[in-house]
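Chain P: place on chain D using the hints.
Here the protein sequences line up with chains D and P, keeping their order.
Start counting the first sequence at 837; every next residue gets the next number (our numbering).
Start counting the second sequence at 27; every next residue gets the next number (our numbering).
The hints are simulated quantities; they were obtained by calculation from the structure and are not laboratory data.
A few of these clues could be false.
Chain P is nowhere near these chain D residues, computed Cβ spacing over 12 Å in every case [said to hold, decoys possible]:
1. 857
2. 871
3. 903
4. 966
5. 977
Subject to a maximum C-alpha distance of 27 Å in a straight line, what follows is the list of computed DSS-like cross-link-like pairs (lysine-lysine) [said to hold, decoys possible]:
6. D/894 <-> P/105
7. P/88 <-> P/161
8. P/105 <-> D/1021
9. D/894 <-> D/1058
10. D/1044 <-> D/1023
11. D/884 <-> D/1023
12. P/105 <-> D/908
13. P/161 <-> P/141
14. P/143 <-> D/885
15. D/892 <-> P/105
16. D/894 <-> P/143
17. P/58 <-> P/143
18. P/108 <-> D/894
19. P/105 <-> D/1044
20. D/1023 <-> D/908
21. D/949 <-> D/884
22. P/161 <-> D/1023
23. D/905 <-> P/105
Reference excerpt, derived from the structure (chain P facing chain D, CB under 7 Å, subset only) [stated by the list, open to error]:
24. 41
25. 43
26. 45
27. 49
28. 63
29. 64
30. 66
31. 159
We put the CB at the ideal spot given by N, CA and C, even for glycine.
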Amino acid sequence: MDITNIISLLPEEQSSVSVTQISCDLGSLTALLHKFVQVGELTFEEDKKLLGFFMKYKDTNNLVFYALKSMKEEPSLCSEEFNSLLDAASGFLSYTNEHQELSRNLEFQSNCKRYLAPYEEEHNQNMKYANECWKAFQGVSNKLDYLDERADDYDELVRDMNEKELRYKSAHARVDETYSILQEKRKDIYALYSFDFNMLLIVVDKLKRISLSVINDLNQLKKGDCAHD
Amino acid sequence: MTDQECFYQTAKQIDFVEFFLCFKLYDLCNDKLIAGTTRSNFIGWLNLRIPDPPIKLLPREKTRFSYFIKVIADHLVIKQYKNDWIDAMLKSCDVPRSHYEKHNFEVTCNKQVEKNKELIDGLEAAFIEAADFYKTQLKY
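Excised from the complex, chain P in its bound form:
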């Protein structure tokens, strides 16, 4: 048995997406991109732990989900796993890789669609909030 096989459960506890960002992304995605779930289930799912109950993509959200995955993948904490993370997230919601490759940019080309604009603005706001949150230091 290799070390890898022995320490599997512990290795699975690694986080790929920064915590505060996960926390903010939940409000953006819950009941909008994915069917309602708990915050900890969502955060576990983003970090490739098996969600219970499983995360379900809402109808007609595959393209927006592809964009979401593309943006988050560019901000992973462990960048070496970017492609593996994308594959695992797409697989978890039954989105083929071919769909992701063809459509992950479409949201930015159709900003006039309200839901697309909400997603783009929401993601930007989440990143800014996360950056501001960690910038502030309690000086006293």
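The following block holds chain D by itself, in its conformation from the complex:
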């Protein structure tokens, strides 16, 4: 397979890629890892930053296409950018190699559960209240089933039953509402819940390999020797 023909697939309009931004973001990530190693945990917002980096840079084809174009048009700028990216990626990876506890201990499910806890608590409270309303309504309804319509307290009980029924319906509607909110929140954080630190490592490793390839190709170009391996 002649992979080099991929250059002919370079899209005319490419989505904007800022290699400098990637290097900068990697620096911020490394700082977060330092924090985790010192403190032993990250906040929910900090977890989102790690996921955000992954989501933004996991599709590296745009970066490769940018590199292929930039190597032709601005080789010295390209070399500078990718050397910087190589440094940032290598720094990140060597830090994670030195601190193996990152791969073992850095997980995201705990913060997700803590985030969902108040919504689950509210929903559970509403369900409990709706249950109580239902029992109260059922109690009066069952009593009325066996009561003669001509009994003295019949009408009063009917009024009581109607009030309890309304209260139950309102409680039930509130349960439906909090359930929908809870499901939305669960969907919102599904990506973070499924996220794995190893995914981030593999993406950063890819960024490193791309940088190395660009630098090697540029060096070959300078030497005037462009052999396949």
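This is chain P only, laid out in the frame that chain D set:
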């Protein structure tokens, strides 16, 4: 020297299979379809980078592997390379193209075989998980 020859190493870094899907496919294939390997080696292999160590197909998995390749080929990120990708993947595991053409549908005809069913269900689950993963947006 053409541009193509000069930029060969960079061009090789192109991905053909979407990343999260690769990540999920590893659990489906490792020690089931292929001999045990690392996740990054597997992901590189799916994207046609030379694996080190080489990926080895487990015994009696050629037909299931053919089905696997057929399904993944329909979901490549760069569709223009579908046939080239299939050829390269088959070659990497010494599976002749003729075997692939004759047998790539057999898994779906023999769902009662447990391993076939596991592969079909596993692939479906991987695609659904990948779709769900990217659908969710962090809104806050």
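Cross-check of the supplied hints:
1. The Cβ of residue 857 of chain D lies farther than 12 Å from every Cβ of chain P, with a closest approach of about 19 Å, so its non-interface assignment holds.
2. For residue 871 of chain D, the requirement that its beta carbon stay farther than 12 Å from each beta carbon of chain P is met, with the minimum near 20 Å.
3. A Cβ of chain P approaches the Cβ of residue 903 of chain D within 12 Å, the least distance being about 5 Å, so the stated non-interface status is violated.
4. With a least beta-carbon separation of about 27 Å from chain P, residue 966 of chain D lies farther than 12 Å from that chain, consistent with its non-interface assignment.
5. Distance check on residue 977 of chain D: its Cβ is at least 42 Å (rounded) from any Cβ of chain P, clearing the 12 Å threshold; non-interface status holds.
6. For the given pair, residue 894 of chain D sits about 19 Å from residue 105 of chain P by alpha-carbon distance, which is consistent with the 27 Å threshold.
7. At roughly 34 Å between alpha-carbon atoms, residue 88 of chain P and residue 161 of chain P are farther apart than 27 Å, so this suggested pair is violated.
8. Using a Cα cut-off of 27 Å, the hinted pair residue 105 of chain P and residue 1021 of chain D is violated, with the two alpha carbons roughly 35 Å apart.
9. Only pairs whose Cα atoms come within 27 Å are accepted, and residue 894 of chain D paired with residue 1058 of chain D is rejected, the gap being roughly 30 Å.
10. For the suggested pair residue 1044 of chain D and residue 1023 of chain D, the alpha carbons sit about 32 Å apart, so the restraint of at most 27 Å is broken.
11. Distance check on the hinted pair: residue 884 of chain D and residue 1023 of chain D sit about 15 Å apart at the alpha-carbon level, within 27 Å; holds.
12. Between residue 105 of chain P and residue 908 of chain D the alpha-carbon distance is near 25 Å, which keeps this suggested pair within the 27 Å criterion.
13. Taking the CA atoms of residue 161 of chain P and residue 141 of chain P, the gap is about 30 Å. The hint is violated against a cut of 27 Å.
14. Of the pairs offered as hints, the one joining residue 143 of chain P and residue 885 of chain D is violated, with about 38 Å between alpha carbons and a cut-off of 27 Å exceeded.
15. For the hint pairing residue 892 of chain D with residue 105 of chain P, the CA-to-CA distance comes to about 22 Å; that is within 27 Å, so the pair holds.
16. Pair hint residue 894 of chain D plus residue 143 of chain P does not hold up; C-alpha atoms about 31 Å apart against a cutoff of 27 Å.
17. At most 27 Å may separate the alpha-carbon atoms for a hinted pair to count; residue 58 of chain P and residue 143 of chain P meet this at roughly 13 Å.
18. Simply put, residue 108 of chain P and residue 894 of chain D have alpha-carbon atoms about 21 Å apart, close enough for the 27 Å limit, and the pair holds.
19. Using a Cα cut-off of 27 Å, the hinted pair residue 105 of chain P and residue 1044 of chain D holds, with the two alpha carbons roughly 26 Å apart.
20. For the proposed pair residue 1023 of chain D and residue 908 of chain D, the alpha carbon gap of about 44 Å is over 27 Å, so the pair is violated.
21. Proposed proximity of residue 949 of chain D and residue 884 of chain D is supported: the alpha carbons are some 14 Å apart, at most 27 Å.
22. Of the supplied pair hints, the one linking residue 161 of chain P and residue 1023 of chain D holds, its CA atoms being roughly 9 Å apart against a limit of 27 Å.
23. Between residue 905 of chain D and residue 105 of chain P, the direct Cα distance comes to roughly 21 Å. Compliance with the 27 Å bound is thereby established for this hinted pair.
24. For residue 41 of chain P, the shortest C-beta to C-beta distance to chain D is roughly 6 Å, which falls under 7 Å, so the interface hint holds.
25. A hinted interface residue such as residue 43 of chain P counts as satisfied when its beta carbon comes closer than 7 Å to some beta carbon of chain D; here the least separation is about 11 Å, so the hint is violated.
26. The interface hint given for residue 45 of chain P holds, since its Cβ lies 5 Å from the closest Cβ of chain D, which is under the 7 Å cut-off.
27. With 7 Å as the threshold, the beta carbon of residue 49 of chain P comes within range of chain D, its nearest partner Cβ sitting at about 6 Å, so the hint holds.
28. About 14 Å separates the beta-carbon of residue 63 of chain P from the nearest beta-carbon of chain D, more than 7 Å, and the hint is not met.
29. For residue 64 of chain P, the shortest C-beta to C-beta distance to chain D is roughly 10 Å, which exceeds 7 Å, and the interface hint is violated.
30. For residue 66 of chain P, the suggested interface contact is upheld, since its CB lies about 5 Å from the closest CB of chain D, less than 7 Å.
31. Among the interface hints, the one on residue 159 of chain P holds; its C-beta lies about 5 Å from the nearest C-beta in chain D, closer than the 7 Å criterion.
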